[in-house]
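Protein chains: 2
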Amino acid sequence: MREPLATMAGYHLGWWDADRSLAVEGSAGKALRGALVFAAAAACTGGDVGDTAQIAAAVELMHNFTLLHDDVMDGDRTRRGRPTVWSVWGTSDAIVLGDALHAAAVQILADLRDQSIAVKAIMRLEATCVELCVGQNEDCSFEGRLGVTVDDYIRMAAGKTACLIGCCCALGALSAKADDATVAALGRFGHELGLAFQFVDDLIGIWGDPGVTGKPVGSDLARRKATLPVVAALNSGSEAAIELAALYADGADMTQSDVDRAAALVELAGGRRAAQRFADERIQAAVAALPDAVKSEDLMALSHLVCRREH
Amino acid sequence: MREPLATMAGYHLGWWDADRSLAVEGSAGKALRGALVFAAAAACTGGDVGDTAQIAAAVELMHNFTLLHDDVMDGDRTRRGRPTVWSVWGTSDAIVLGDALHAAAVQILADLRDQSIAVKAIMRLEATCVELCVGQNEDCSFEGRLGVTVDDYIRMAAGKTACLIGCCCALGALSAKADDATVAALGRFGHELGLAFQFVDDLIGIWGDPGVTGKPVGSDLARRKATLPVVAALNSGSEAAIELAALYADGADMTQSDVDRAAALVELAGGRRAAQRFADERIQAAVAALPDAVKSEDLMALSHLVCRREH
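In order, the protein sequences belong to chains A and B.
Numbering of the first sequence is given in my numbering, commencing with residue 243 and proceeding in unit increments.
Numbering of the second sequence is given in my numbering, commencing with residue 243 and proceeding in unit increments.
Quick caveat, the hints were computed from the structure, so don't treat them as lab data.
All residues carry an ideal CB built from backbone N, CA and C; glycine is no exception.
It is possible that some hints are incorrect.
[As the list claims (entries may be wrong)] The calculated BS3-like cross-link candidates involving lysine-lysine, where the alpha carbons are at most 30 Å apart (straight line), are:
#1 A:Lys-362 <-> B:Lys-419
#2 B:Lys-537 <-> B:Lys-272
#3 B:Lys-419 <-> B:Lys-537
#4 B:Lys-362 <-> A:Lys-362
#5 B:Lys-362 <-> B:Lys-419
#6 A:Lys-537 <-> A:Lys-419
#7 B:Lys-362 <-> B:Lys-537
#8 A:Lys-272 <-> A:Lys-537
#9 A:Lys-419 <-> B:Lys-362
[Unchecked claim] Here's a subset of chain A near chain B, in silico, CB distances under 8 Å, partners left out:
#10 Arg-244
#11 Asp-341
#12 His-344
#13 Ser-358
#14 Ala-360
#15 Met-365
#16 Trp-449
So that you can see chain A by itself, here it is in the shape it has in the complex (with noise of 0.2 Å):
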């Protein structure tokens, strides 16, 4: 990739900083899409090392181009601890660059050597971002509206969220060769342990330590986000219900008090236990989905991960 584009991606993906000087540890993703493929390959056995790599490289970039564009539309100017491409660069420049990574991401899946595999890798990938569009969309729609019901926000974390993760082991499974009964289950598996991360994500928005989370604590809130602890809670019916929603409805920003106030109402309404049950059961789902032949031990591991994330 060309400069300016190139300084950009690497700064955005943790490589390095601005002015191309060595990142401090911790700012690269976790590259979880891309462990997913690796763990899905290795499940099913039989998989081309070079081949699965490719794909794992071409979600990372997927996902990060769509981390680009999101950080746009949400005005966020801080992730992974240091500011956002657009807040260093200005927004132009993060939206074109987040456009040159889909590209690339594409790029990558076709020049795989079985183009078989590439195009039904293509189709699943783009598919995958037209949920992820579609679930962004309604993820920014939901900012300010009351009267978001949990099944809402569930299908809006499928869009968002799940589905790429979904898609990252059902690639896994094909880069592997894998049958298509197998494919599916691996698309299943990925799509249930999708929306058990949200979820454990919303739960970090609210409770996480920002030391390891990177993001200021309580900046769900603050901003009044729809994460699923607080739909869970405004629905519940219960007088702390009424007081979160009357702090949700106020124009005003929210003072650090009104943010531990929040927090400690989603929790009197039963909202950070309902998110933690949900999560619990997605990940007991995503286990069920997995036939016992590709029941790998570092499947296990990532999905215990997933829910253990400090919070």
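Fit chain B to the known structure of chain A by using the hints.
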């Protein structure tokens, strides 16, 4: 595509208005790129009409995705005489719709019956997309910058416009199962034609009839855009160039009389004549790039249409 993205996509493409009522005539684009795919395929003969139509649809979607994002980046409020998507629905929706159309373009190509053509077409279209991103990034960086040379400008125009038009002609030949040399020749034809197209667009941006172009008169000058006539004028070393440079360096909003004066200065400094000459040369080069066997009447007619737009 799901709602609300489908309504926005159809609005952008000129199929209907924002409330899905019938759009006025002239709201749809020229579909020049799609037409070039068909003309190139027909010139090579032996083409499969089904595949050609899919490829034409894909390049139009790719082009329209970049227009949606360009309008956000450039802050353009109108296109083809109607409010742009971002100015109706907001920038987030316009970004996400562009991303979804990008994905849809690739999905259509991945769905081609001949997988070898599918992979080649995807490779070429996505390599083109990266070029478009680099070109758009360069174009943004030109805004408000003095010292842009004619060579800088032509390189940017090659990335921003010519590479996609070259891609359309090459993909048309590919869909007709033409040999590699013919595909490459049509790619070169389209590239030269695309440069001419951009240069004529720049002339229209200053001297075009707003009733025909749908753009406010002199809008490129009012925004101090470094288009080819302006860049050629600024590099002419004439008295008019000095006065024009002063107008461009001034931070104040241009009045209509400033815009009129700028247009007169560009013409005085020879910028209008130079841009017209560059366009004519590129058209000649385009025609020269075509092997006699594929020098079809349609391709000649489209070439002349490009140069004879109202300005």
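Hint check:
As the CA atoms of Lys-362 of chain A and Lys-419 of chain B are separated by approximately 22 Å, the hinted pair is consistent with the 30 Å bound. Annotation: proposed proximity of Lys-537 of chain B to Lys-272 of chain B holds, straight-line Cα distance about 22 Å (limit 30 Å). Distance hint between Lys-419 of chain B and Lys-537 of chain B is fulfilled; the C-alpha atoms sit about 17 Å from each other, no more than 30 Å. Straight-line distance between C-alpha atoms of Lys-362 of chain B and Lys-362 of chain A comes to about 15 Å, which keeps the hinted pair within the 30 Å bound.
Under the criterion of a C-alpha separation no larger than 30 Å, the hint pairing Lys-362 of chain B with Lys-419 of chain B is consistent with the structure, at around 11 Å. As the CA atoms of Lys-537 of chain A and Lys-419 of chain A are separated by approximately 17 Å, the hinted pair is consistent with the 30 Å bound. Taking the CA atoms of Lys-362 of chain B and Lys-537 of chain B, the gap is near 24 Å; set against the 30 Å cutoff, the hint holds. For the suggested pair Lys-272 of chain A and Lys-537 of chain A, the alpha carbons sit about 22 Å apart, so the restraint of at most 30 Å is met.
For the given pair, Lys-419 of chain A sits about 22 Å from Lys-362 of chain B by alpha-carbon distance, which is consistent with the 30 Å threshold. Interface restraint check: Arg-244 of chain A against chain B, minimum CB-CB distance 5 Å, threshold 8 Å, status holds. The restraint placing Asp-341 of chain A at the interface with chain B holds, with a minimum CB-CB distance near 5 Å, inside the 8 Å limit. For His-344 of chain A, the interface hint holds, the least distance from its beta-carbon to any beta-carbon of chain B being 6 Å, beneath 8 Å.
The restraint placing Ser-358 of chain A at the interface with chain B holds, with a minimum CB-CB distance near 6 Å, inside the 8 Å limit. Here the hint on Ala-360 of chain A is kept, as its CB sits about 6 Å from the closest CB of chain B, short of 8 Å. For Met-365 of chain A, the suggested interface contact is upheld, since its CB lies about 5 Å from the closest CB of chain B, less than 8 Å. Violation of the interface hint for Trp-449 of chain A is found here, the shortest Cβ-Cβ separation to chain B being roughly 28 Å, above the 8 Å cut-off.
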